[in-house]
Structure formats: structure tokens, C-alpha cells
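Residue numbers (our numbering), protein chains in the order written: chain A, 1 to 111; chain B, 1 to 112.
Honestly, the hints are just simulated from the structure, not real lab data.
Any given hint could turn out to be false.
What the hints assert, rightly or not - Calculated lysine-lysine pairs in the DSS-like style (CA-CA distance at most 25 Å, straight line):
{"#": "1", "chain 1": "A", "residue 1": "108", "chain 2": "A", "residue 2": "58"}
{"#": "2", "chain 1": "A", "residue 1": "98", "chain 2": "A", "residue 2": "42"}
{"#": "3", "chain 1": "B", "residue 1": "57", "chain 2": "A", "residue 2": "78"}
{"#": "4", "chain 1": "A", "residue 1": "58", "chain 2": "A", "residue 2": "78"}
{"#": "5", "chain 1": "A", "residue 1": "57", "chain 2": "A", "residue 2": "108"}
{"#": "6", "chain 1": "A", "residue 1": "98", "chain 2": "B", "residue 2": "57"}
Below are the chains, spelled out letter by letter.
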Amino acid sequence: ILNVEQSPQSLHVQEGDSTNFTCSFPSSNFYALHWYRWETAKSPEALFVMTLNGDEKKKGRISATLNTKEGYSYLYIKGSQPEDSATYLCAFVQGTYKYIFGTGTRLKVLA
Amino acid sequence: DSGVTQTPKHLITATGQRVTLRCSPRSGDLSVYWYQQSLDQGLQFLIQYYNGEERAKGNILERFSAQQFPDLHSELNLSSLELGDSALYFCASSRSGGDTQYFGPGTRLTVL
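The following block holds chain A by itself, in its conformation from the complex:
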């Protein structure tokens, strides 16, 4: 059974704080690692698709890194804002194109 684990499960931070979460995935048969942002009552929206070991992606205040050899990815949010409150999902994509989602990190940014 392939496991994708995300930590922490939930997180409360103050507006302006920087924060980061972890996604751990199997280090074999890697094809890609996706990050999605999922707001309550909406559908998941793509943040990043990462494919290369050592890859680093950035979109505004959000960035992500990837280590395929040890099987982890970090998502960073700099200067958190209330509108960043959401569940952040990672998805491990195997070479067979099978997607395995983590259970997410629920972020609440307090104003």
C-alpha cells in the first residue's frame, strides 16, 4: 500500500506569519508531485506540478521544493494572509499515472 502523508494535519497561524508543511511520498516509481489548494465549498485548484529532484517552484508568496530521493516536498507560505486559509493537498503521481492524494494540511490564518 502506497502512502502519501502530510503534516501537520492542521495549523493555525497569525496573519503575517510564515509557515510550511510537509508531504512525504514513496521514493520509488516517481513521476510527479502535485500541490493543490482546496478552499471550503470549492474544488481543488492546482498550485504546482513538480517533476525534477531539487525542483523549486514559486507563485507569489507560495513556494515549494522537491526531494525525490528521500521522498518529500515542502510547501512554504510567506507572510500568511486570511485568504490563504484552505486545505493544501499534495498528490504523488506514479509512473503508471496513478494519483495518490494525501489527506491535506488544513491552514487557518487568523487576522
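Let chain A serve as the given structure and place chain B on it in line with the hints.
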């Protein structure tokens, strides 16, 4: 708006019944994915199609089946429904396998 459409938005039915959920992918996307999100659970990958062919299978029950048609829309058929099948069913599409997925708004299925 992701460009992925799903119908119906809500569906209420009884145990033992059969339902069909429909998904139209974004224009130009060849891959379609189906997911189930049960109460307090994460996204469970069910199945993926690419250009009409099944490409990957996840935790899809034998009572469930899916297909992708020549116009690339997809249908998920759920039969002999049980109370535990009540969930939010998402469809997503991408250009090809492994690419960024764009999610539809979901179909909420309630089995009474």
C-alpha cells in the same frame, strides 16, 4: 471556473438504485479522472481515462464503472448503491497523464 463541468450537482437516491454521473473535460484535455470524497475523508482516486482508454485504476468498487466517450466526456456509473456510497464525486481533466488537473465542481450523491 476550471472549464470542467459535472452534472448533476446534487443527486438523492435510495439504496439498491443505479445512478450515472457525467463529466465534460476542459477543451483540449484528453485525460479524465474520477475521485470520491466521503465525509471527513481525503480524495480517493477511482479511475483515469486517456483519450477513451482506461489508463489507471484506483480504489474503485466492482459496483462502479466508468467510460470515456469519443467526444471525451466521461460517465461514472454507480450501481447497487449503499448508504456508504454517499459522497462528493469529483471529476478532473488534464492535457495528458501526470499533468496539472483541473477539477469540476463535484456531484454530491446522497443515498437514503
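Starting from residue 58 of chain A, check that the Cα of residue 78 of chain A is at most 25 Å away, please. Holds, at about 11 Å.
Residue 57 of chain A and residue 108 of chain A: Cα distance at most 25 Å? holds (23 Å)
What's the verdict on residue 108 of chain A and residue 58 of chain A, does the C-alpha distance respect the 25 Å limit or exceed it? holds (21 Å)
If you draw a straight line from the CA of residue 98 of chain A to the CA of residue 57 of chain B, is it 25 Å or shorter? The given pair, whose Cα atoms are some 7 Å apart, holds under the 25 Å limit.
Taking 25 Å as the top limit, are the C-alpha atoms of residue 98 of chain A and residue 42 of chain A close enough? Cα-Cα ~23 Å, so holds.
Does residue 78 of chain A sit within 25 Å of residue 57 of chain B, going by the straight-line distance between their CA atoms? Violated: residue 57 of chain B and residue 78 of chain A sit about 37 Å apart, past 25 Å.
Hint check: a violation occurs at hint 3 only; the rest are consistent with the structure.
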